[in-house]
Amino acid sequence: MSEMIGITRKKDVVVVEDLQMVYRVGKVEVPALRGVDFSVKEGEFVAVIGPSGCGKSTLLHLIGGLLKPTSGRILIEGVSIGSVRDAKRTEIRRQKMGFVFQSFNLLSTLSAKDNIRLAERLHGNGHYEDGSAQQILKLLGLENKMQHKPWELSGGEQQRVAIARAVINRPAILLADEPTGSLDSENSRMVLNMLRDLNSVHGQTIIIITHDPEAASTADRVIEMRDGKILNRVQNMFYAMEETRS
Amino acid sequence: MFKLILSNLRQRPTRTFVSVIAVALGVALLLVSMGLSYGQLVDTVQRAQGIGGDFILQSSDASVIFALNSGTIPVRVLKVIEEVEGVEAATPILAKFLGDQFHIVFGIDPESFGRVNRSLSFVEGGRFSEPREVIIDTIYANSKKMKAQDPLQILGHEFTVAGVFRQGIGARVLLPLTTLQELNGTPDKATMFFIRAKEEVPLEQVYDSLKERFENYKITKAAELQEIMMDNTPVFKEFVTAMVFISVTISFLIVLLAMYSTITERTREIGILKSLGASKGYIVRLILNESLLICVAGVGLGFIATFVAIEFLVAAFPTLPVAITPFWRVTAAVMAVTGGTLGALYPAVKAAGMDPVKALGYE
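Those protein sequence lines, which keep their order, are chains A and B.
Residue numbering for the first sequence follows the numbering used here, beginning at 1 and increasing consecutively.
Residue numbering for the second sequence follows the numbering used here, beginning at 1 and increasing consecutively.
Rather than coming from a laboratory, the hints here were simulated on the basis of the structure.
Backbone N, C-alpha and C fix where the C-beta goes; we use that ideal spot for every residue, glycine too.
Check the hints yourself; a few may be wrong.
Claimed, not checked - Below, simulated DSS-like cross-link-like pairs (lysine-lysine); rule was C-alpha separation at most 27 angstroms, straight line: (1) B:Lys3 to A:Lys113; (2) A:Lys68 to B:Lys350; (3) A:Lys68 to B:Lys280; (4) A:Lys68 to B:Lys358; (5) A:Lys113 to A:Lys138; (6) B:Lys3 to A:Lys145; (7) A:Lys149 to B:Lys358; (8) A:Lys88 to B:Lys358.
To be verified - Pairwise CB distance ranges, derived in the manner of DEER restraints: (9) B:Glu265 to A:Val25: 49 to 55 angstroms; (10) A:Arg189 to B:Val334: 55 to 61 angstroms; (11) A:Trp151 to B:Ser261: 20 to 26 angstroms; (12) B:Met1 to A:Ser185: 35 to 41 angstroms; (13) B:Val18 to A:Asp37: 52 to 58 angstroms; (14) B:Phe239 to A:Met146: 52 to 58 angstroms; (15) A:Trp151 to B:Tyr362: 37 to 43 angstroms; (16) B:Lys3 to A:Arg170: 19 to 25 angstroms; (17) A:Glu29 to B:Gly353: 19 to 25 angstroms; (18) B:Leu6 to A:Trp151: 17 to 23 angstroms; (19) B:Val334 to A:Lys229: 56 to 62 angstroms; (20) A:Val25 to B:Ala242: 26 to 32 angstroms.
Claimed, not checked - From the derived model, a few chain A residues whose C-beta atoms are all more than 10 angstroms from chain B: (21) Lys11; (22) Gly64; (23) Leu75; (24) Val79; (25) Ala119; (26) Ser132; (27) Glu143; (28) Asn187; (29) Asn199; (30) Arg226.
Given the sequences, and given the hints that come with them, work out the whole structure.
Have a look at this one:
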């Protein structure tokens, strides 16, 4: 029906079902997620907000395959990453995910260009596209900083390189953990604009974890978490837009 | 990966340098000690073979290490040996180890020695004709800066150097058999006989004849001397095993320590690699290749250090025989790389198994 009226329904890139995560600290069990359900559609920009310790980062790490859930399912483009072996989860991470962290997490011994190229090589099993690292750095206004080591770059520049590294392989999802947490307001705005452009211009699916209301307002949809649960959907611009169109 | 490895090694130059030096030390230790001990053995064999005999006859309990034996066989046995079918000539030799100078001298009977040996040639002077004359080889002459007619003290007695012969025959110093018998307190006795077979008679046949005639004696084929010496030299094999073990252990421990501390320092980096999708195999290969590079550099430096050490030793002690064969170079390299790889294996596996979230949160 939707095809008949010219609208293609976007597929779910991420589906989270009854996700539970319990950390064990000695003999004590600490629940971090207590049954989380939500999904993210292709091309959607979702912000997850909530106070410290509410389980936002755990949720991001689980979606990114860096952690294995205690129970529940996470489907990435239809593949359940919670139930696959470690090697397969690593492969999914390599092929479908891009990470951006608060503390940039660039490899300090490599230049900006080599940090990006490393991600390309890992993705392509040693192969990389000639000039793609230069192109993306040029696009981010860092063409003069290609050979600079991370410590020779400002916080904003480092985060831009980190974003370039995360999207160089055109991942299915970009996962950003407090991407503006270590930046001043000017650089924060620049990074958020960059994420917004990636989403709106290139259709990049993005899930961002943030404390920053300005950062959250950049997203199409905001999910609020507390005590390991999703409280409500504060905004749902994406769905609202789709429903209006259909 | 290679760029990442190189940049990591450059990032910690002191640790890289110390690790390379330590691996080099293990390689040099193995090569120098093996070069000296093996060189001594090979030199002894080559000089014994240089006498020219096909067989060596010794008393039944004698060692192939000539320095360990004294004169126990009567010289008159010579006539019996020469009567054996297929024997062309034989010569008695009395070996005496000079503890104060740390080398061996041979007492020879010039007449019979000349029948067995056909390669003695002099660069200066000639054979001895007097009881208190000796002949010395070129290495001994060069190391002591001696020439013909110079005086030489042996066993507390003064001799005159009658000639200097080209090295490679018997001992560094040769003196009349009767003189050495007298000084040694073993008149008419010899340590061993070197026997030359007739060319037309097969060696095996002569060997069998000698064994039959001298069943209570030890008869060694000169061609097999090196193998027999390596098998019978006291603790040679144990020494080789110990040196190889020490070399491997040094590489193992140093690389283990270096790589263990490096992965601890680089925990966050490993977390980043994992977040980028690096597999366990990639991280293991990263650490192993890094240690391999350290080991290869250590082997190279070890070869250079060995060369310098040997040059220094030979300059200081010219009579010191050194033989570093390609086999030992390859062995030293393989042992260093094996030790280093084994040492890096545990840190590599540990790094590959790190929890990525904990690694990313490591400060």
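Hint-by-hint comparison with the structure:
Pair hint lysine 3 (chain B) plus lysine 113 (chain A) holds up; C-alpha atoms about 12 angstroms apart against a cutoff of 27 angstroms. At most 27 angstroms may separate the alpha-carbon atoms for a hinted pair to count; lysine 68 (chain A) and lysine 350 (chain B) meet this at roughly 19 angstroms. Between the alpha carbons of lysine 68 (chain A) and lysine 280 (chain B) the distance comes to roughly 16 angstroms, so the proposed pair stays at or under 27 angstroms and holds. A hinted pair counts as satisfied when its Cα atoms are at most 27 angstroms apart, and lysine 68 (chain A) with lysine 358 (chain B) qualifies at roughly 13 angstroms.
For the suggested pair lysine 113 (chain A) and lysine 138 (chain A), the alpha carbons sit about 11 angstroms apart, so the restraint of at most 27 angstroms is met. Note on lysine 3 (chain B) and lysine 145 (chain A): the hinted pairing holds, with a Cα-Cα distance of about 18 angstroms set against a maximum of 27 angstroms. Only pairs whose Cα atoms come within 27 angstroms are accepted, and lysine 149 (chain A) paired with lysine 358 (chain B) is accepted, the gap being roughly 25 angstroms. Restraint check for lysine 88 (chain A) and lysine 358 (chain B): satisfied, since their Cα atoms lie roughly 20 angstroms apart, inside the 27 angstroms limit.
A beta carbon spacing of about 26 angstroms between glutamate 265 (chain B) and valine 25 (chain A) contradicts the range 49 to 55 angstroms that was offered as a hint. Distance hint check for arginine 189 (chain A) and valine 334 (chain B): the Cβ-Cβ separation is about 59 angstroms, which falls inside the suggested range of 55 to 61 angstroms. Between tryptophan 151 (chain A) and serine 261 (chain B) the CB atoms are about 21 angstroms apart, so this pair conforms to the stated range of 20 to 26 angstroms. Checked against the given bound of 35 to 41 angstroms, the beta carbons of methionine 1 (chain B) and serine 185 (chain A), roughly 39 angstroms apart, stay inside it.
At roughly 55 angstroms, the beta carbons of valine 18 (chain B) and aspartate 37 (chain A) sit within the given window of 52 to 58 angstroms. Phenylalanine 239 (chain B) and methionine 146 (chain A) have their C-beta atoms about 57 angstroms apart, which keeps the hinted 52 to 58 angstroms range intact. Against the hinted window of 37 to 43 angstroms, the Cβ-Cβ separation of tryptophan 151 (chain A) and tyrosine 362 (chain B) comes to about 18 angstroms, which falls outside the hint. A hinted range of 19 to 25 angstroms holds for the C-beta pair lysine 3 (chain B) and arginine 170 (chain A), which are about 23 angstroms apart.
Range check, glutamate 29 (chain A) to glycine 353 (chain B): about 23 angstroms between beta-carbon atoms, so the 19 to 25 angstroms window is met. Distance hint for leucine 6 (chain B) and tryptophan 151 (chain A): a CB-CB separation of about 18 angstroms, consistent with the stated range 17 to 23 angstroms. Checked against the hint of 56 to 62 angstroms, the pair valine 334 (chain B) and lysine 229 (chain A) passes, with Cβ atoms roughly 60 angstroms apart. The given range of 26 to 32 angstroms is broken by valine 25 (chain A) and alanine 242 (chain B), whose C-beta atoms sit roughly 49 angstroms from each other.
With a closest Cβ-Cβ approach of about 22 angstroms to chain B, lysine 11 (chain A) is found to remain outside the 10 angstroms limit, as its non-interface label requires. The Cβ of glycine 64 (chain A) sits about 7 angstroms from the closest Cβ of chain B, inside the 10 angstroms cut-off, so the non-interface label is violated. The non-interface label for leucine 75 (chain A) is consistent with chain B: the shortest C-beta to C-beta separation is roughly 19 angstroms, beyond 10 angstroms. In this structure valine 79 (chain A) is separated from chain B by more than 10 angstroms, as the shortest Cβ-Cβ distance comes to about 15 angstroms.
Under the 10 angstroms C-beta cut-off, the non-interface status given to alanine 119 (chain A) relative to chain B is violated; the minimum distance is some 5 angstroms. At roughly 16 angstroms, the least C-beta separation between serine 132 (chain A) and chain B is larger than 10 angstroms, which holds for a residue marked as non-interface. With a cut of 10 angstroms on Cβ distances, glutamate 143 (chain A) stays outside the contact zone with chain B, its closest approach being about 20 angstroms. The beta carbon of asparagine 187 (chain A) sits about 21 angstroms from the closest Cβ of chain B, which is more than 10 angstroms, so the claim that it is off the interface holds.
With 10 angstroms as the threshold on Cβ separation, the claim that asparagine 199 (chain A) sits away from chain B holds: the shortest Cβ distance comes to roughly 21 angstroms. Every C-beta of chain B lies more than 10 angstroms from that of arginine 226 (chain A), the closest at about 21 angstroms, which supports listing it as non-interface.
Violated hints, in rising order: 9, 15, 20, 22 and 25; the structure is consistent with all others.
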